[in-house]
Amino acid sequence: MIITFGAIAIFFAIIVLILHLSGIKDRNFTEYAVGGRSFGPNYQAMSFLNTWYPGAMFTAFGGMAASAGVISFYVLSYSLLTVVLMYVMAKPVWVWGKTFELRTQPDLLALRFDSHHIKTIAAVVGIISGIPWLVLGMQALGTLFYHLSLETLTFTQSVMVGVAVIAFRQIWTVRMGMRGVVISDMAQGIVAYIVGTAMLVGLIVWMMWTRDIGFDSLDPKMLAIPSIGSTEGPLYVFSLILTGAIGGWCWPYIFVRLFTANGVKSLKQSAAIAVPLSLVFCVALLVFGMLASQIPGVSDAPNDVWFIVSREAGGLWLLGLAGVIVLAASMGHTDGNIQATGAQIANDLIGNYWKLSEKQLIVFAKVGMLWLTLLASWLACLELPALFQLAVLAYQGIIQLAVPQFLGIFWKRGNKYGAIAGMTAGFITAVALELVFPGHLPWAYGLTSGAVALVVNLAIYVGLAYLIPQSAAERQRVDDLFEIVRERRDLAGADVDPQPVVA
Amino acid sequence: MDTDGTAPRERAPWITAWFILDAVVALAPPLYWAFDGKQTPILGLPAPVFYFVAVATFIAASIVAAYVSEARSGGLGS
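For the record, the sequence lines run as chains A and B. In this text, residue positions in the first sequence follow this note's numbering: the first is 1, and each later residue adds one. In this text, residue positions in the second sequence follow this note's numbering: the first is 1001, and each later residue adds one.
Excised from the complex, chain A in its bound form (with noise of 0.2 Å):
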């Protein structure tokens, strides 16, 4: 225990003398919520990665490749398209972002749309909707510290422990904000996502040379996708890749990499860096997990593959590298939940109703990242047996916001009408669908709720645009919206002077 747990506490030593050196001092709300918009590349595909992957990719996406083969895949489909629109998306919303001080994703809709209460709604929906995940991704932790205690912990035990581990490391995303987030994603994506694939591509070859393991041994259903006549419905995968492609986008803490970066250039440099890692990482991820299955003791416990292989391969030591890099992951993803929740509060409910301070902006942000860390903290030492089927419930619901954030991106027709009704109607819609048939929608050939909500949501958004035109000083309006993007196609990595934020 003194090796596995002493590599975690070295790890987390590094970490918090990386921010210590890193003097992080914010001068104003911007400093703070989107680290003065002054990253490069390396740091944001980086930290991009790092808040996409959490720990749980190799608890829960391991443990599927483990127990249900190829379909596991369908997170690298949606992975990977997802920088796609990222790379699309990039220069309208930076260049906007960077115009109008925009700092949260509810700030960009509210742009937009010309309305106070999109914003109010799109954040109540992001800040609900991620605490099931925030729960989540801390109850992870708790396999984590059972394996890395040697089972000597019990699991309510290790759980208590990873959440006080969890909580306390968020000291450190508190006081220092975004800037705080990003550089510690760096370093601890390295460890996640670099030195986790290297240790992944070393499992793969000890499991093919010492144990023989190989695809050719595998179980045939493994390789099963659902198809015409499966349980799950011939759609199935299309709408897991579909929603989590658009849906990742809709989450607060992914969409505000939008707004740290240091130009358009940047960002598009940032996605040509990020998807050949992700590539690389989640294939070794998943074919580690495809392959450790036949390794005896992972069928029992799958969502344990990552620590049953690296300790039966290389000992105690081999585990406490293994619990380092879930922590890194795991650290990442908890930091930037926890920054960007705590900044909308501040920003998109108080500060949408009262005129703050920038100093007053930081302590609300401060106060409310503290609060959501003692609340999830809380949630997460509590047994809540629906907690899952909430996580699922909430992704549904809150990939409706894609309707009004990418339509009111690439198109300039739509209105806050159609954007508010078509939300609140898609997120009504996901809601009712799950409750009545959890999970699987019988009569939609494997459509998910969100994705049936999917084309509510859009045809209210489209009909309404074209039932309630816009007014002559609205089209004008957006017309000027849509024209400083394609004004400042030279100007993309260089200043632009900021503008008032309209909302």
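A few of these clues could be false.
Unchecked claim - Ranges between beta-carbon positions, derived for each pair:
#, chain 1, residue 1, chain 2, residue 2, range
1, A, Gly439, B, Ala1028, 20 to 28 Å
2, B, Thr1057, A, Pro296, 31 to 39 Å
3, B, Gly1044, A, Ile228, 26 to 34 Å
4, A, Gly315, B, Gly1044, 29 to 37 Å
5, A, Asp212, B, Ile1042, 19 to 27 Å
6, A, Pro296, B, Ser1069, 44 to 52 Å
7, A, Ala432, B, Thr1016, 35 to 43 Å
8, B, Arg1072, A, Tyr353, 47 to 55 Å
9, B, Ala1023, A, Gly6, 44 to 52 Å
10, B, Ala1071, A, Leu382, 32 to 40 Å
To be verified - Here are a few chain A residues that sit away from chain B, every Cβ distance over 12 Å (derived from the structure):
#, residue
11, Ile2
12, Asp212
13, Pro296
14, Gly315
15, Asn352
16, Lys355
17, Leu464
Honestly, the hints are just simulated from the structure, not real lab data. Heads up, the beta-carbon is just placed ideally off N, CA and C, and yes, glycines get one too.
Chain A is fixed; fit chain B onto it per the hints.
Frame of chain A, contents of chain B only:
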């Protein structure tokens, strides 16, 4: 451009076409149905694994190619 139009485009048409193809190869159900349960190895990988890895490589290549192309043409600014 009229008010019903979309945002002005500056991307090379072949990049836009590649991005659209990314979505098609990743999402089109008949493509993944065709690999369901196939055990025939392709380049050493079972066919369904090969399908997903090939799609992912195709998408990754499109982003790298788009960035290199736009950087070379000066379309990314300074």
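These are the hints, each one checked on the structure:
1. A:Gly439 - B:Ala1028: 20 to 28 Å: Check passed, 24 Å falls within 20 to 28 Å.
2. B:Thr1057 - A:Pro296: 31 to 39 Å: Because 33 Å falls inside the window, the suggested range holds.
3. B:Gly1044 - A:Ile228: 26 to 34 Å: holds, 28 Å
4. A:Gly315 - B:Gly1044: 29 to 37 Å: holds, 30 Å
5. A:Asp212 - B:Ile1042: 19 to 27 Å: Cβ of aspartate 212 (chain A) to Cβ of isoleucine 1042 (chain B): about 22 Å, so the range 19 to 27 Å holds.
6. A:Pro296 - B:Ser1069: 44 to 52 Å: With Cβ atoms ~50 Å apart, the hint holds.
7. A:Ala432 - B:Thr1016: 35 to 43 Å: holds, 37 Å
8. B:Arg1072 - A:Tyr353: 47 to 55 Å: holds, 48 Å
9. B:Ala1023 - A:Gly6: 44 to 52 Å: At roughly 47 Å between Cβ atoms, glycine 6 (chain A) and alanine 1023 (chain B) fall inside 44 to 52 Å, so the hint holds.
10. B:Ala1071 - A:Leu382: 32 to 40 Å: Given about 51 Å between the Cβ atoms, the range is violated.
11. Ile2: holds, 40 Å
12. Asp212: holds, 16 Å
13. Pro296: Given that every Cβ of chain B is farther than 12 Å from that of proline 296 (chain A), nearest at about 22 Å, it holds.
14. Gly315: Glycine 315 (chain A) is indeed farther than 12 Å from all Cβ atoms of chain B, at 30 Å.
15. Asn352: holds, 27 Å
16. Lys355: At roughly 33 Å from the nearest Cβ of chain B, lysine 355 (chain A) sits farther out than 12 Å, so the non-interface label holds.
17. Leu464: Correct as stated: the minimum Cβ-Cβ distance to chain B is 14 Å, above 12 Å.
In the structure shown, a violation is registered for the earlier hint numbered 10 alone.
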